[in-house]
Each structure stands twice: as structure tokens, then as C-alpha cells.
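Make a model of the complete structure from these sequences and hints.
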Amino acid sequence: MPSPFLTPGSHSSLDQLALLHLRRDHAIPTVLRLHDDDNAGYKEGKVTTTRFGSFPHSTLTDQPWGSQIGASKVDTGSRRGRGPQKKQNQKHLKRKAEELDSATTAGEGETPQAAVAAASGFLHLVYPTPELWTTSLPHRTQVVYTPDYSYILHRLRARPGTTIIEAGAGSGSFTHASVRAVFNGYPSEEPQPPKKRRLGKVCSFEFHEQRAEKVRQEISEHGLDGLVEVTHRDVYRDGFLLQTPKTGPSPKANAIFLDLPAPWLALKHLVRHPADGSESPLDPTSPVYLCTFSPCLEQVQRTISTLRQLSWLSISMVEVNHHRIEVRREKTGLEFERVRGAVVFPKDVDEAVTKMRQVEEHTRKYRESMLQNDDDESTPIPQSTAKKSDPAPAANDPPVSDVPAYNQGRLVHRSEQDLKTHTSYLVFAVLPREWSEEDERKCREKWAPHQIDTTPSEKPKGKRQMKREKRQAEEQREQREQAQAQAQAQEPAAAAATETA
Amino acid sequence: MHSHVRPNQFVAFKLPSEQTRIQKIVPNTEIFLGKYGAFPANQIIGRPFYLTYEINETPGDATSKYLRIVSAAELHAESLITEGEGDGDDLELNEDGTPVRSNRETVDDRSTQKLTLEEIEALKKESSSAGRDIIAKLLESHQALDQKTAFSLAKYKLRKERKYMKRFTVMPLDVSLLTNYMLEDREAAKTLELRDELIGLIGCWGNVHHGGNTAGEAITSKPDGRYLVVDDTGGLVVAAMAERMGMLYPHDGEDEDEDEEHAEQSKAPENEEAVNEEEEPTTNSTKRPRRQMSAQGNTITLLHANKQPNLNLLKYFGYEQDNMSESHPLYTNLKTVSFLQLLDPNADMIYAQEPPVVPEAELAQYKSSKRSSYHRKRGRWMRTRRVVDEARLGGFDGLIISSMMDPGSILKHAIPLLSGSAPIVIYSPTVEPLTEVMDLFSTARKTAFIMRRRELEEQADESEDPAELSQRVSAELAEEFPIDPTTLLSPTLQTSRVRAWQVLPGRTHPLMSGRGGAEGYIFHAIRIIPKQESIEAAGDPARKRRRLGKQTDTPTDTPAASGDVEMTS
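Keeping their order, the protein sequence lines are chains A and B. Each residue of the first sequence is one higher than the one before, counting from 1 in the UniProt record's numbering. Each residue of the second sequence is one higher than the one before, counting from 1 in the UniProt record's numbering.
Do not rely on the hints blindly, as some may be mistaken.
Claimed, not checked - With a Cα cut of at most 20 Å, we get these calculated EDC-like pairs of lysine to aspartate or glutamate:
| # | chain 1 | residue 1 | chain 2 | residue 2 |
| --- | --- | --- | --- | --- |
| 1 | A | K470 | B | D322 |
| 2 | B | K24 | A | D453 |
| 3 | B | K370 | A | E475 |
| 4 | A | K420 | B | E519 |
| 5 | B | K65 | A | D453 |
| 6 | B | K65 | A | E437 |
| 7 | A | K252 | A | E229 |
| 8 | B | K35 | B | D133 |
| 9 | B | K367 | A | E481 |
| 10 | B | K531 | A | D62 |
| 11 | B | K157 | B | E18 |
| 12 | A | K252 | A | D276 |
| 13 | B | K367 | A | E469 |
| 14 | A | K268 | A | E434 |
| 15 | A | K331 | B | E436 |
| 16 | A | K246 | A | D276 |
| 17 | B | K367 | A | E437 |
| 18 | B | K307 | B | D406 |
| 19 | B | K125 | B | E161 |
| 20 | B | K370 | A | E330 |
| 21 | A | K331 | B | D439 |
| 22 | A | K73 | B | E533 |
| 23 | A | K268 | A | D238 |
| 24 | A | K446 | B | E30 |
| 25 | A | K73 | B | E536 |
| 26 | A | K331 | B | E432 |
| 27 | B | K367 | A | E221 |
| 28 | B | K163 | B | E54 |
| 29 | B | K14 | B | E140 |
| 30 | B | K370 | A | E478 |
| 31 | B | K370 | A | E474 |
| 32 | B | K370 | A | E469 |
| 33 | B | K412 | B | D484 |
| 34 | A | K470 | B | E326 |
| 35 | B | K367 | A | E474 |
| 36 | B | K65 | A | E440 |
| 37 | B | K65 | A | E445 |
None of these hints come from the bench; they were simulated from the model.
Here it is as C-alpha cells:
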């Protein structure tokens, strides 16, 4: 079955993972099913309940990806054993929203009832991507987020056809991102065609048994079997060979990502010739790229020191600083009174002075009236009158502009409120292919080491050029033939001419 | 994978000065690396990447030149030694706790170096050991060497090595390297100052990946992995995407051993086919029908603003626009369509003017040059027709924009070409164009749009035909809202920057200087298909009514008021 992560097709389909997008950074992953024996209750079959309504899976299946889906009226009350829930649902969802969002329940009815559209509520049905999965996956460990993994995979040269080793699978966010990066076709049972392409693969190692099992289950649910191989393993001790330690087949990895507390302990296995005589887990025909992901500087120092001892090259360490930016319209000005989110404050000096003139004027008038009345009421009226009279001059001002509300104010941007100022330090390194005296000798035989053509040959001829030359040659030949034909035709004549001469 | 240096391939040389040089490795030529010397290309062809070489030679004897591989142990020697000395962080101390050596006594003039410029020049000429003896001499004749602290000595040595060592490292030319090369060694403006970390983000948020087994497998409902691109970086973004889609490197994924045989095999038939390159798929190309821009899935469709797209940088990957290699994957999988062709194809000459069909019999009498030019013109017309029509049909799986043009104007035409759930990514070196895009999809604008649409629909007479009505409504809406703000889901703006560190025993700190310039920003969102009829957001009707009395009530209210109200749309 194709994976919705890699080849989603145009419509959602049964038994595939789909994401129910509620709002930014909040999507519910769910496998679309009409029936589910997990839980009993709904007449409509499997239903996902969110704070924005209930969504029977029959309304979500076979829809174009990206569709806006309306909520349905679902009888949540008559389900067996869920009685008390009814009132809570009908009351309000807010309190229970968080837990409800993740509560997926399902019916056992033989034929699910057709769903009835509800008056309000909707969500968007989108296909899963590693990015959306990263924000919606069930957290088991610290997650490697998009800004980090996008850079890591780029630097690791994880491209279609690459085999990548990942150690600590953790919550599986990097697993999903890397399988997308290396994917170049599903493995098939059929015998490989003679000109075989190497298929990309992720070899994921996790030493926590339950987490390994969970990742394995997710991989299977997401249709990534055969593309990701999850191994439960303590890699410090047992290395990176597949299936069985020491004797299993080599993954022949081109890229390695270590999200481990002590990466230096795993590095001894990632060499061309392991000390214990077992096969190397690395691809012997290509350079191997490595990245380690460690939050502390001390870890980095130990890792790099070990990398130097093990002859890794191009060692570098970086940290990724990423932030999101909020964009909004900042409305400042006296005309924005009673507009939500606006700052009622003079927008410029002119406005401030005009406003103060008005206030002064009112005070003056008030004083005059006070003097005239010769009264001594000392309530703080001046301010209140000034305030009261405020709308009047505003009305005298040029009327509120006809600019629609969404276009008012000034467009500004700022960093998001909560910044992730540090995730981890990334250490990168490269291990070149091995190169023996024997290889060098062969190469020398093939490419004479000191041969330098005195006339630097022009750049190799391209298709066009070859074509042109071929055409020219052909034309020349044709011309020659024609000339010959003419010459032959003319020859007798010429001969005759000479004869007559 | 980059297993070894192939003849006629572009590779990069990292020089001791940290500079990068890109050169094509033509067999039987000499490669010049400026002041670091020259060497025969044949001595690196077939060898692995990432090795560091030293150029050794006996002065005056050209054939004595040989490259010595500098081992990793040698490259790391210095840091390994200091590590051996107890992590290098405990300085030698006097009895009173002050360091034995400090820079207090340092004389700040050049008199400490006794070697004169002439002597150094002479040494350079005689040198046969790739500059190592020069550095040794320099250190020897430095008068105040013993006054230097360990750190300043290391720095001094490093500086001299950068200047005199005849060393270089051979690196495979890939997108990451090219990005840094354009940024640091060339004109960064040409690539819109794109940085590595942003290319990574573009690729991930754009969900750019290989579209699966394109050939052989049963065609499902639609081909996968069709991306729409607007790229004004000279082809860097296209290259980055092609790299992620597995079609940038002609030799990628081939098995090592078969490699060379295969290359030779495929050479021969190519030449024969070359003449028929542009022709319609006739009988002769049954074996490998590789028509230009003919691939169905895993393709990039490039929208360009001028008559010809600018894809200069692709030449480093063996794809030259005016001299295309038929065997390159991009030959079939990169399609180019101009904005004119997309928006008004009949105004484009190549698209609109069909070269007249010449009957077979007449064609046979043509001279071969005329015949092939006829086939070329027909081929070009048919190709343009096919590619443009296909682009106009839409259904793309992603949109990537890195353009000098106003992104809003591109979105207006490109969003309708995307299928649902397709990601949209826009890169801009500066933030302002993207804040404007964010504003085009602001919640307030969405709300106003939905309100206006409802208003227009309610105004309509009952007699009006629903189809006409919806047409009229969308026409009127388009006046106020050039782009339908409800077509994108969760628009997000972000930026990312990598900070490099120096990690040495006892001397770990972030690098002291870096590149300024454009920060670089990424906008991304997901294309969605809103329902034609408006759906109310879920929430407490009583609370909604209260608010309705005041202002508006739609699925998209401002975040501050969102209480229980669904706010995505």
C-alpha cells in the first residue's frame, strides 16, 4: 500500500493516515476506518470528536485532500457506557477540549448510518507530511523539529537512494523526515531489473523496547514498511548491523544521524574496519556523512575529539537558530477608538497638537462658564467634559476613512512570543572512501599521471554541436556528390570543348 | 552518491585560504589553483572525494609533480597533540597563579621575523615539500616565538599555513557547496543570498521529494511529485529541488561496478539518435523514447518571466540549456513555461503558430538539413503545446517561489493550479514582501471576504441562475480581493540562521565573524479547498449572537476573541 506521506494520491482513502487540521500546530492524526472494534458506540461507525464537532470517518473518506469538511450531528448520548459523557459534551467543550481532541471512538454497527450535517463546525482534511506529523505526533521523547532536521538532512546529503542510519528513533519525527528524503520508490517483491537502482532506506535503532515497538507500529500504519527498518538495539554495545549484532547484514549506510546521549560510544562501530572483525555498517563505495545532535557543549567536545581520532574529516559544529514571525496590523491613532486591538494614542505630532488644542479650548470655555456662574463646585469636571466632548470634534474631523478594517494601520512583524533559543548542537563530519595503494595503482594505469595535452582540447562536443557537424559533413558530401555529378556531366562537354578548341 | 571523481565533471577545491574554486576536470589537462600551484587532472580522476592532497615537485622538473594524500591524522595532528596534553585548558602557571606566558611582552612590530621577503621568495622557488619547509623556516627564524602563548602560536602557524601550504581538498560539487560558493566566493545577489539552512527549510516545507517509481508501475489516479517553481536564483532553487527529487546527478544511484560499462553503452546509441532528438516518437526510438520535457511524474515545471529561463547554475550539474545532454534526468523532467504562455498562450508565437505539416512524400525530397529543421520546429511546437496545456490544467503537488517579482502577483495565478493540501513556500531575502503576503491571508481579511460573499449572495434575486450568480459573485469579490484569502491554511512566516562554532581543546567558542546581508525568510502555507457554502464555526451560539450584535461572526474571528470559536478557515 502506498504511503500517504510519500504518494498521497488525490483523495483520502480508507485505512490510510489522514490529518484533521484544526488550527495552526494542531492537527489530529487518524487512520480512516468505517468500522473499528476498538470502541463501541456511534451509529455512524468510527467518529473522531474534536472541539469543533464530531466527524464520522464516512464523511472524511474519499474526499479530495485539502477539503474543508463540515461537522456532523452525532448522537453521542446513546452509546453504551458513555452516558455521563453526554452532559459534558452538551455543556461546553472548552474544558474538555484537549482530551476530546484526541479521543477517537468508534462504532461496531454492521452498516454505519449516514452522517447528518451539523449546523456548525468544520476542519480541513490534509495529507500527512513529516512537518505536520512532527507537530502532531504523540511525544515520547524530545522531538527533532523541522528547522533542525531540514538542515541536518541537507548537510547529510540525504537524497533519494541514500541509506541512512538513525540512532535513537525516539518519537519518530526524524524517521519520517528522513524516509521522505531518501525515498525513490517502494521495494517490490519482483526480481530487480538488471539495471538496478539503489532504493533509499532508513535503518532506525532504538534501545528502548517499547518505543521501538511503537515506532515500528507507526511505520507500518503509515505504509512505510520496507522503507524503514526499526531495530531494538543498544548501539553503544552492539553496533549497527541489521537483524543480529556482529553477524547481521550491513546496512551499507551513506549517512548517519546520532541522537544519543553519548555519541562517542557509538562511533567505534562506525568505522571502515571494526576492531572486532565484523562487517562495517558503512557503504564502502561512498563517503559517509555524519551528524550528531547533542544539547551540551561537553558532549560536543568529547564527540569531536573521538571523531578526530577516528579520522573523520571536515568536522564542524553549528547551532540552528530559528524563529517564527508574527505579522499584524498595528493601529495607532485617535480615530481607532473602540476598535479592538488598536492603540488610542495620537498617531503623530499633528494629531497630538490638534487634540491638545481642543482640550485647551474646552478647558478655557469651561473656566469661562465657571467664572460666569461664579460657582465653586470642585468636582473633576474638566476632564470628564473633555472626554465627553471628544466624539464631537472627531465627527468634525475628516470622517473615518473608507479603508476597510483589514487594510488599516501599519503592517509590522515581530518574533513569536516563545522562542526556542537552543535545541542542540549539531556536529557534522565526513569519512571519505577508503583508498588503498592498489586502488591508486589501478587509477594510475587508467589515467596517465603526467599526461597533459599541449593543445588544450576543446570542451567535449555537445549534442547540438555534433549534430551540426554531422549535418555539415552531410551537406559537404552532398555538395561533393553534386559537384562530382556536375563534373561528370560537364566532363564530356568540357572534353568536347577542348576537342573543338 | 559521489563515489569518485568522474572525468568531465565539475568539482570543487577547498584551498588553504578557505576559498573554494570550482573547476571542470577534463582528462589530460592541467589544473591551476593560483598561488597554490598546478597539477595534472589525471592525478585526481577516479580518486575518492574529501581527500586532501599536497602538491609535491622537484623545482624545474614538470614530470616530477605528484600529489600526496595528506592523512587525517596529519590534518588533525595539532588538535590531537593538544588534547593529549590534558585537554589544553590548564595553562602553565607561575607560583602566584598567573600564566607563565601572556601577551604582555609581545612586541607589536614585524622586526621579530628575521626572514626577509626575498629569502621567502627564494624558498618558495626551491621548495619541494608543499610549503612545509617554508613554514618550518619561518618558525625557526621568528625571534619571539618562545614568548607566544600556546594559542597565539597556533594562530601564527595557521596563518602561515594558509599562506604557504600547497594543499587542497577535493569536494563533490553539490547544492550545499554551490550555495556556499555563490554566497562567499561569488556574487551572493545572483542567488538572492540563499543560505543552506533556508534551502533545507524550503525543501522540507515544500514537501519536495521523489515521486516514487515513475516508470513501470501502474499509473494511479494521478502522477505524483509534480512541482511548480518560480526561480530567479539562476537555477539554484531548481537544482536544490532536483537534488531532493533524485534527478540532479546523472550518475546518481547507479551501481558502482556497472557504472562505467553502462556509461559506455549508452554513449553509442545516443549519437545515432541525436539527429532525431526533437522528432515525434517515431519508430526509430522504440528503445528509449526520451522526449524532452516528457516525464509524467516527479517533474519540476518552471515558470519564468522572460522569453528564456535563466538556469545558468545547472551547468555545474551537467545540464546546459543551449547544449542539452539527452541522458540527463532533467532533460525529460524539467519543464519550462513562461508566464505569458501560462496566462495567454495564444499571444506566444511558439505556442500559437503551428508549423505547417508537410506530407511524408514531399518531406522525403527535402535536403537532410531542411528535413531535420522541419522536425525540430514541429517538435518544439508540439512540446510547447503539451507542456503549456499540461501546466494550465494544474493539479500540482507544490509551489516553490524565490523570485524578484511581487509574490502576491504570482500567487494570484499559481494558487488555482495547485491541488488540495499542496504546500506553498516562498523565499525572500527580505521580510517586507512576505509580511505583505501574510497580510493577504490575515484573519481580518478572510472574515471580510466571507462576509462580503455572503452579502453578495443574499442580495441576489431568486430568479437568478445559480451558476451565473456564483460567477457574478466571484467577479465582484475579485475586485476587492485579488486573491481569495480562504484558499490557504495556516500561513506562517519564519527565518532560520546557523551559527558556526570553533571546537578545539580549551578554545571552544562561536566563530568571531560571519556573513551579514540578507537574513532570508520563508513563508509557507497549505492549499485548501474551501466549501462553496459557508460553514459556521462551532461554538456557543449564545456567545456568538452577542458578538454578532456588535460586529461580525464568521468562522474566522480574530484570535483574541476565539474563545471556543474555530478560527481556521
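Each hint tested on the structure:
{"no.": "1", "hint": "A:K470 - B:D322", "verdict": "18 Å, holds"}
{"no.": "2", "hint": "B:K24 - A:D453", "verdict": "16 Å, holds"}
{"no.": "3", "hint": "B:K370 - A:E475", "verdict": "11 Å, holds"}
{"no.": "4", "hint": "A:K420 - B:E519", "verdict": "18 Å, holds"}
{"no.": "5", "hint": "B:K65 - A:D453", "verdict": "16 Å, holds"}
{"no.": "6", "hint": "B:K65 - A:E437", "verdict": "18 Å, holds"}
{"no.": "7", "hint": "A:K252 - A:E229", "verdict": "13 Å, holds"}
{"no.": "8", "hint": "B:K35 - B:D133", "verdict": "17 Å, holds"}
{"no.": "9", "hint": "B:K367 - A:E481", "verdict": "13 Å, holds"}
{"no.": "10", "hint": "B:K531 - A:D62", "verdict": "16 Å, holds"}
{"no.": "11", "hint": "B:K157 - B:E18", "verdict": "15 Å, holds"}
{"no.": "12", "hint": "A:K252 - A:D276", "verdict": "18 Å, holds"}
{"no.": "13", "hint": "B:K367 - A:E469", "verdict": "15 Å, holds"}
{"no.": "14", "hint": "A:K268 - A:E434", "verdict": "17 Å, holds"}
{"no.": "15", "hint": "A:K331 - B:E436", "verdict": "16 Å, holds"}
{"no.": "16", "hint": "A:K246 - A:D276", "verdict": "8 Å, holds"}
{"no.": "17", "hint": "B:K367 - A:E437", "verdict": "57 Å, violated"}
{"no.": "18", "hint": "B:K307 - B:D406", "verdict": "19 Å, holds"}
{"no.": "19", "hint": "B:K125 - B:E161", "verdict": "17 Å, holds"}
{"no.": "20", "hint": "B:K370 - A:E330", "verdict": "66 Å, violated"}
{"no.": "21", "hint": "A:K331 - B:D439", "verdict": "14 Å, holds"}
{"no.": "22", "hint": "A:K73 - B:E533", "verdict": "18 Å, holds"}
{"no.": "23", "hint": "A:K268 - A:D238", "verdict": "11 Å, holds"}
{"no.": "24", "hint": "A:K446 - B:E30", "verdict": "17 Å, holds"}
{"no.": "25", "hint": "A:K73 - B:E536", "verdict": "14 Å, holds"}
{"no.": "26", "hint": "A:K331 - B:E432", "verdict": "18 Å, holds"}
{"no.": "27", "hint": "B:K367 - A:E221", "verdict": "62 Å, violated"}
{"no.": "28", "hint": "B:K163 - B:E54", "verdict": "14 Å, holds"}
{"no.": "29", "hint": "B:K14 - B:E140", "verdict": "28 Å, violated"}
{"no.": "30", "hint": "B:K370 - A:E478", "verdict": "13 Å, holds"}
{"no.": "31", "hint": "B:K370 - A:E474", "verdict": "12 Å, holds"}
{"no.": "32", "hint": "B:K370 - A:E469", "verdict": "15 Å, holds"}
{"no.": "33", "hint": "B:K412 - B:D484", "verdict": "8 Å, holds"}
{"no.": "34", "hint": "A:K470 - B:E326", "verdict": "17 Å, holds"}
{"no.": "35", "hint": "B:K367 - A:E474", "verdict": "10 Å, holds"}
{"no.": "36", "hint": "B:K65 - A:E440", "verdict": "16 Å, holds"}
{"no.": "37", "hint": "B:K65 - A:E445", "verdict": "17 Å, holds"}
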